[in-house]
Each structure stands twice: as C-alpha cells, then as structure tokens.
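Novice: Since chain A is already given, all that's left is putting chain B on it; use the hints.
Chain residues, written in single-letter form:
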Amino acid sequence: MPLPMDLTVGPNLFFWDAEAVRAFYEGLAATPVARVVLGEVVCSKRLPFWQDEIPRAVETLLEAGKEVAVTSLALVTLPRERRMTADLPGTGLPIEVNDLTALLHIPEGQPFWVGPLVNVYNEGTLRWLAARGATRVCLPPELPLASIRALARTGRDLGVAVEVWGHGRVPLAISGRCYHARLHDRPKDACLFVCGEDPDGRDVETLDGQPFLAVNGVQTLSQSTASMALQAGALAEAGVASLRLSPQSRDFADICAGYADLLAGSLPGEALARRLAPLAPGGRLSDGFVNGPSGAAWSGPHG
Amino acid sequence: MMELVCPAGTPAALRAAVQAGAHAVYCGFADETNARNFPGLNFSREEMAAGVAHAHANGAKVLVAINTFPRAGSEDLWHRAVADAESAGADAVILADLGLLAHAAEHHPRLRRHLSVQAAAANPDAINFYAEAFGVRRVVLPRVLTVEEIAAINRDIDVETEVFVFGGLCVMAEGRCSLSSYATGRSPNMNGVCSPASHVAYAEEGDELAARLGGFTIHRTPKGAPAPYPTLCKGAFVSGDQTGHVFEDPVSLDATRLIPALAKAGVSALKIEGRQRSRAYVAEVVRSFRAAVEAQAAGRPLPEATLAKLTEGQAATTGAYAKIWR
Numbered sequence: 001m002p003l004p005m006d007l008t009v010g011p012n013l014f015f016w017d018a019e020a021v022r023a024f025y026e027g028l029a030a031t032p033v034a035r036v037v038l039g040e041v042v043c044s045k046r047l048p049f050w051q052d053e054i055p056r057a058v059e060t061l062l063e064a065g066k067e068v069a070v071t072s073l074a075l076v077t078l079p080r081e082r083r084m085t086a087d088l089p090g091t092g093l094p095i096e097v098n099d100l101t102a103l104l105h106i107p108e109g110q111p112f113w114v115g116p117l118v119n120v121y122n123e124g125t126l127r128w129l130a131a132r133g134a135t136r137v138c139l140p141p142e143l144p145l146a147s148i149r150a151l152a153r154t155g156r157d158l159g160v161a162v163e164v165w166g167h168g169r170v171p172l173a174i175s176g177r178c179y180h181a182r183l184h185d186r187p188k189d190a191c192l193f194v195c196g197e198d199p200d201g202r203d204v205e206t207l208d209g210q211p212f213l214a215v216n217g218v219q220t221l222s223q224s225t226a227s228m229a230l231q232a233g234a235l236a237e238a239g240v241a242s243l244r245l246s247p248q249s250r251d252f253a254d255i256c257a258g259y260a261d262l263l264a265g266s267l268p269g270e271a272l273a274r275r276l277a278p279l280a281p282g283g284r285l286s287d288g289f290v291n292g293p294s295g296a297a298w299s300g301p302h303g
Numbered sequence: 001m002m003e004l005v006c007p008a009g010t011p012a013a014l015r016a017a018v019q020a021g022a023h024a025v026y027c028g029f030a031d032e033t034n035a036r037n038f039p040g041l042n043f044s045r046e047e048m049a050a051g052v053a054h055a056h057a058n059g060a061k062v063l064v065a066i067n068t069f070p071r072a073g074s075e076d077l078w079h080r081a082v083a084d085a086e087s088a089g090a091d092a093v094i095l096a097d098l099g100l101l102a103h104a105a106e107h108h109p110r111l112r113r114h115l116s117v118q119a120a121a122a123n124p125d126a127i128n129f130y131a132e133a134f135g136v137r138r139v140v141l142p143r144v145l146t147v148e149e150i151a152a153i154n155r156d157i158d159v160e161t162e163v164f165v166f167g168g169l170c171v172m173a174e175g176r177c178s179l180s181s182y183a184t185g186r187s188p189n190m191n192g193v194c195s196p197a198s199h200v201a202y203a204e205e206g207d208e209l210a211a212r213l214g215g216f217t218i219h220r221t222p223k224g225a226p227a228p229y230p231t232l233c234k235g236a237f238v239s240g241d242q243t244g245h246v247f248e249d250p251v252s253l254d255a256t257r258l259i260p261a262l263a264k265a266g267v268s269a270l271k272i273e274g275r276q277r278s279r280a281y282v283a284e285v286v287r288s289f290r291a292a293v294e295a296q297a298a299g300r301p302l303p304e305a306t307l308a309k310l311t312e313g314q315a316a317t318t319g320a321y322a323k324i325w326r
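Protein chains in written order, with this note's numbering: chain A, 1 to 303; chain B, 1 to 326.
Pulled out of the complex, with its shape left as it was, chain A reads as follows (with noise of 0.2 Å):
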C-alpha cells in the first residue's frame, strides 16, 4: 500500500569538493525526491570552497520540478557567520532555519522552513513557530514515535507539514570545537581542512572496537545510518508528511529510489534495509531513536 508522504534531501553536512557538489546535484536532480535543502550547514570555513555551485545545483534542481530552500549555519559565533546569516534572505529562496539566529533576518509573514537542528520538542514551540511563519518543520532526530505523533498531530492542525529523519548518519551534537583538527594536533584556526578528507566523517570506535561515533569537523555524527526503512509504516500513520534523506557520498541516487519505492508501495521495508545496509557507510543500520531503547538500536535482523 502506497505511504502517503513525500521525500526531501537535506542540505550534505561534509566537506567535498566543488567537483563533487556539482555531481551530486546533477544526479540528484533525476530521482523521484520533492525537495532539496543545500548550503552550508557545519563550518563556514568550508563555503568559499564550494559556494559557486549553490546557485547552479539550484537551477539544476529547480529546473528538475524540485523545490528547493537554503539552510542556516547550524552554530553562528563569528561576525562572517553572522553575515552568511543575515544573506540569506537575500538568496530569495525559502530558508530552512537550523539555528534561531536565522529568525532575526526572516520579515514577520515570510513563510521559513525550519530544520533539524532545532528544538522542536512539544506543540507549544511548534505554535509559536507556525505562527511567526514556519511551513515546514523537520523534528530533531532524538524524538519518539509519540512525541512525533503528538506533533504530526497540531502540524496537521496548523498547515506545518512535519518531517522526520530519515535516512543519514544522525546529527548528534555540535561544537566550538573541531575534532577533525584535534584529531589532526591542528588547531581550529590552521585545520588545513583535514574534515575533507572523510567524505562521510571520521569513524570513531570504542576502545573495544565497538563502532559507535563519527566526527565531521566541529560535528559529531553517529556512526550508524539511521534509517526508517522498518517505521515508514508507523510514520505514515502518525500523521508525519515527509521523509529527510542526508546525502552521503556513495549510492545516494539509488538510496533515494529505493526510499521512493517503499513509499509507492513496491518494495517492503525489510527489503529496502537489506539493500541498504551494505550502501551505509560503516554499513549499519539504526531507528532506535524512534522506536526503541536507545538511539543506537536497530529494530530490523542484524548481518
């Protein structure tokens, strides 16, 4: 039975270069998502690099029949930070809002999307922001199945359509700090841009070998690919209208087709996770965050 929600390809949280960029946009400009959320979203350090292929993957995907938005950075500290923030407006693209910072520059009326990396917890937050303009909202990936419920709920009563996480390495914390330069002995200030050498993150294991985390400069990840693959089902029910898909270096076009299939009914959930699984990188599988006993756990069979 077809899942009445759509799928949207948030902004990519590595450092790649431009060559890479324009790739992937091209690619992702043929798969069946309904939008695409670029920019720069980690480390202002990284935008000049990469900036020039912004307004050409947006023509791309525009031209594609995508909508398209232009995220904030996620921790806005330095005054270029503040700057890249208050331009964004500028762009004349929706903005999807990952730090409050954002709000300062968005006119009361103008219509915003707000991203993951902001707390939307409880109704009472999610009000306040439909009501300063929020259209959509992506809910921070920790959420239970029903506190996302509860939310999908008032979203539906507001005109929000509310997404969840779901397809990426899990965006976990966010830092002063680079631990790719630490990792590095670099400081912050002379990183030499190491971060562009894991285009996926820096794998970090426990002591005991167990895979656990993965550091993207000032970000750290989980190591894990969550995927809602097994809870697209329990999703749909709750009311939840989209799906987020974080891009990752390798298969991303096929992951999207995969995740438009289980959507459209033609490929069940078991049979998507097993053709994910060895697509992830470090190639495991997580949904705990929504359904389970930890962020980490995986409903599915392992192996």
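You may find that some hints are simply not true.
[What the hints assert, rightly or not] Only some residues are given here: those of chain B computed to face chain A with a beta carbon under 8 Å:
{"#": "1", "residue": "F69"}
{"#": "2", "residue": "V144"}
{"#": "3", "residue": "L145"}
{"#": "4", "residue": "S181"}
{"#": "5", "residue": "A183"}
{"#": "6", "residue": "G214"}
{"#": "7", "residue": "G240"}
{"#": "8", "residue": "V246"}
[Claimed, not checked] Pairs of lysine-lysine, DSBU-like flavour, derived with a Cα cap of 30 Å:
{"#": "9", "chain 1": "A", "residue 1": "K188", "chain 2": "A", "residue 2": "K66"}
{"#": "10", "chain 1": "A", "residue 1": "K188", "chain 2": "B", "residue 2": "K61"}
{"#": "11", "chain 1": "A", "residue 1": "K45", "chain 2": "B", "residue 2": "K61"}
{"#": "12", "chain 1": "A", "residue 1": "K188", "chain 2": "B", "residue 2": "K264"}
{"#": "13", "chain 1": "B", "residue 1": "K323", "chain 2": "B", "residue 2": "K264"}
{"#": "14", "chain 1": "B", "residue 1": "K264", "chain 2": "B", "residue 2": "K61"}
{"#": "15", "chain 1": "A", "residue 1": "K45", "chain 2": "A", "residue 2": "K66"}
[What the hints assert, rightly or not] Across the chosen pairs, the derived CB separations fall in these ranges:
{"#": "16", "chain 1": "B", "residue 1": "P39", "chain 2": "A", "residue 2": "T91", "range": "47 to 53 Å"}
{"#": "17", "chain 1": "B", "residue 1": "G299", "chain 2": "A", "residue 2": "G92", "range": "52 to 58 Å"}
{"#": "18", "chain 1": "A", "residue 1": "L192", "chain 2": "B", "residue 2": "M1", "range": "57 to 63 Å"}
{"#": "19", "chain 1": "A", "residue 1": "P79", "chain 2": "B", "residue 2": "A261", "range": "16 to 22 Å"}
{"#": "20", "chain 1": "B", "residue 1": "N58", "chain 2": "A", "residue 2": "Q51", "range": "37 to 43 Å"}
{"#": "21", "chain 1": "A", "residue 1": "L192", "chain 2": "B", "residue 2": "A225", "range": "32 to 38 Å"}
Simulated from the structure, these hints should not be mistaken for laboratory data.
Nothing here was measured: the structure is a model prediction, and the numbers come from that model.
For every residue, glycine included, the Cβ atom is placed at its ideal position computed from N, Cα and C.
Specialist: Positioned in the frame of chain A, the structure of chain B alone reads:
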C-alpha cells in the same frame, strides 16, 4: 560587583551557598523539568518556597531552572513548574524552550526570564531575538565562546550575560546534544540527564576496569587506579591510528583567573556548575569565588592561594574562553 550564581541541588546546599556568600542560587523542582534530574536531588514545592524565604531573608536571590524541553503531550508539567516557581517567590526562571518561553511571557509577565545555556544562544542576533520575542533579561552563554567574543556580544546586546566559571564542562553546544540518548535513550533535553548512572556498568577485565554506558565502552583504567565517571564526551576512543580523548580530556572548567577579563568583557554574573555536589563542596567553592569577585570589584589581585586549592589534584581547563581550545 559581578553576581555569583551558585548551585543548590538540595535545601541544605542552598543554605550552605547562601551562608558562604552566594548572591544568587539556582535550583530546580524534583522532576524532569530541570536539567539535573538526578535521584535524591532537587526541591519539592514546599522546599522551594522555604528555600526562597531563607535566601531572601539573607539577601540572596533564587533562580529556578526549568530548562529541559517539554515533552509533547505533557507540557502541563512544565507550565505548572513555572507557575509554582512564581508562587514560591522565585526571582527568575531559567528557560530554554521556545514554547515555554512564550507561555511564561504570556501567562507570567512579571516573572523575570533568563535564557538557559540549554538554548545555546551564541551570538548577539540570537540573543536579541530572545530578548525581543520573549522579554528575556539575562542570557547564560554557551560554553563555545572566547572571552573576546563575549566582549563583542555584550557590546551588541541590551540584556545581561552570565557565564560558567567553574565545575563540569560541556564540550558540545548545550541543548543541542543527543550523544547521551544515542547510547542510552535518555538525554539532557528530554529527561534532564546526561550519561545516566542507570545505564553505567563497570566490569573487571584482566588488569583493567572497563566503564560502559549503554553497552558502549567509555574508558578502561588500570585496576586500583581512580576511574572517572563515564561521561560520554570525556571518554577514550579510537579513530583511525589515534587512541585517546577524541572530544575532551576528563577535565573540569576553571576560569577563576579569567574573572578580571570577564568583568572587562561586560559579564554580569558568574555561574558555578554542580547541583549534584555536596553542600561542603558548594560552601567551599562559593566562599572562594565570593572572595575573588570582591577582590576584583575592589581592584585588588585575586586571592590565588584559596582558588588554587579548589582544583588541586584535578585537571582543569579554561575551555573555550581561550581560543586555542578549539
């Protein structure tokens, strides 16, 4: 003089802090509405009212932390906490959630609102947004900023700033971290706990003691050596050819020597972490810091000897306040 804001996990710690010279104490109700929701800690409604009365009788303020993010479907619990803080006579509530700020501004307009560090407002635009939208009067700054950045922020805002100077140190932007719930299902934002003891297990393995959180090994220490509590971000991990404290060493924050610089940066209040600490610890730390802020206000040198005693034998850092930390 800069205001000294001191932790009180229990009524006894509140009295100890007030007696030791706290200008203000901060505390929370005994439930998931506050970010130190630990067993045996925090205040009943009656204890809160008595604590406020005691503090006021001794010239100190009480700030009530209601700084977790209300659970969908259960916002009433958080709304009641704000109302009860006001009726207890609290001088301010410390809030992080947008919806709760909006509720407090609408229904409790005369109750002073501080923005919790959990809101991670890290620049003047974000702070001005909270001030304009919700009438926030003071912002507790996230621990991601340098002293120079704090000075720059204070030049561009009209509300007070409060900064952490001593105690536990988050290396991530507070209120924006789900590491704990990834490993255990319980998080600071949702449950008011980080790396909860309920999910910690120790195992003797050969000559080592392994400390695990939600089944993930956080560190291994030689048998008999002191083993730090397995706080996730202070653990030892492996990444490629590197083994060590990927995120942060097991250190605590000590910015006492930065007090003059923070005063010059326009900071209004200094905050000491540690609502989970004993009243003896609280009393000692508060006494030393009171002497330090008095010395600073009078233009005298800081009383180095008393301050040094506090961190003796412990590794300490000035954290993000010094740029090199990043």
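Novice: Now look at each hint and say whether the structure bears it out.
Specialist: Now for the hints, and whether the structure bears them out:
With 8 Å as the threshold, the beta carbon of F69(B) comes within range of chain A, its nearest partner Cβ sitting at about 4 Å, so the hint holds. With its C-beta approaching chain A no nearer than about 3 Å, V144(B) sits inside the 8 Å limit, and its interface hint holds. Interface hint at L145(B): satisfied, since its Cβ lies 6 Å from the closest Cβ of chain A, which is below the 8 Å cut-off. Evaluation of the S181(B) hint against chain A yields a held restraint, the C-beta minimum of about 5 Å falling below 8 Å.
For the restraint placing A183(B) at the interface with chain A, the shortest Cβ-Cβ distance is roughly 6 Å, inside the 8 Å limit, so the hint holds. For G214(B), the interface hint holds, the least distance from its beta-carbon to any beta-carbon of chain A being 5 Å, beneath 8 Å. With its C-beta approaching chain A no nearer than about 7 Å, G240(B) sits inside the 8 Å limit, and its interface hint holds. A least Cβ separation of about 6 Å between V246(B) and chain A falls short of the 8 Å threshold, and the interface hint therefore holds.
Restraint check: the Cα-Cα separation between K188(A) and K66(A) comes to about 36 Å, which exceeds 30 Å; the hinted pair is violated. With a C-alpha separation of about 40 Å, the suggested pair K188(A) and K61(B) falls outside the 30 Å cut-off, and the hint is violated. Pair hint K45(A) plus K61(B) does not hold up; C-alpha atoms about 43 Å apart against a cutoff of 30 Å. Restraint check: the Cα-Cα separation between K188(A) and K264(B) comes to about 26 Å, which is no more than 30 Å; the hinted pair holds.
Only pairs whose Cα atoms come within 30 Å are accepted, and K323(B) paired with K264(B) is accepted, the gap being roughly 17 Å. Note on K264(B) and K61(B): the hinted pairing holds, with a Cα-Cα distance of about 24 Å set against a maximum of 30 Å. Between K45(A) and K66(A) the alpha-carbon distance is near 28 Å, which keeps this suggested pair within the 30 Å criterion. The hinted range of 47 to 53 Å is satisfied by P39(B) and T91(A), whose Cβ atoms lie roughly 50 Å apart.
Checking the proposed 52 to 58 Å range against G299(B) and G92(A) shows it holds: the Cβ atoms sit about 54 Å from each other. Against the hinted window of 57 to 63 Å, the Cβ-Cβ separation of L192(A) and M1(B) comes to about 45 Å, which falls outside the hint. For P79(A) paired with A261(B), a C-beta distance near 20 Å keeps the hint of 16 to 22 Å intact. Between N58(B) and Q51(A), the C-beta spacing of about 57 Å breaks the proposed range 37 to 43 Å.
At roughly 37 Å, the beta-carbon separation of L192(A) and A225(B) lies within the given 32 to 38 Å, and the hint holds.
Taken one by one, the earlier hints fail for this structure at numbers 9, 10, 11, 18 and 20, listed in ascending order.
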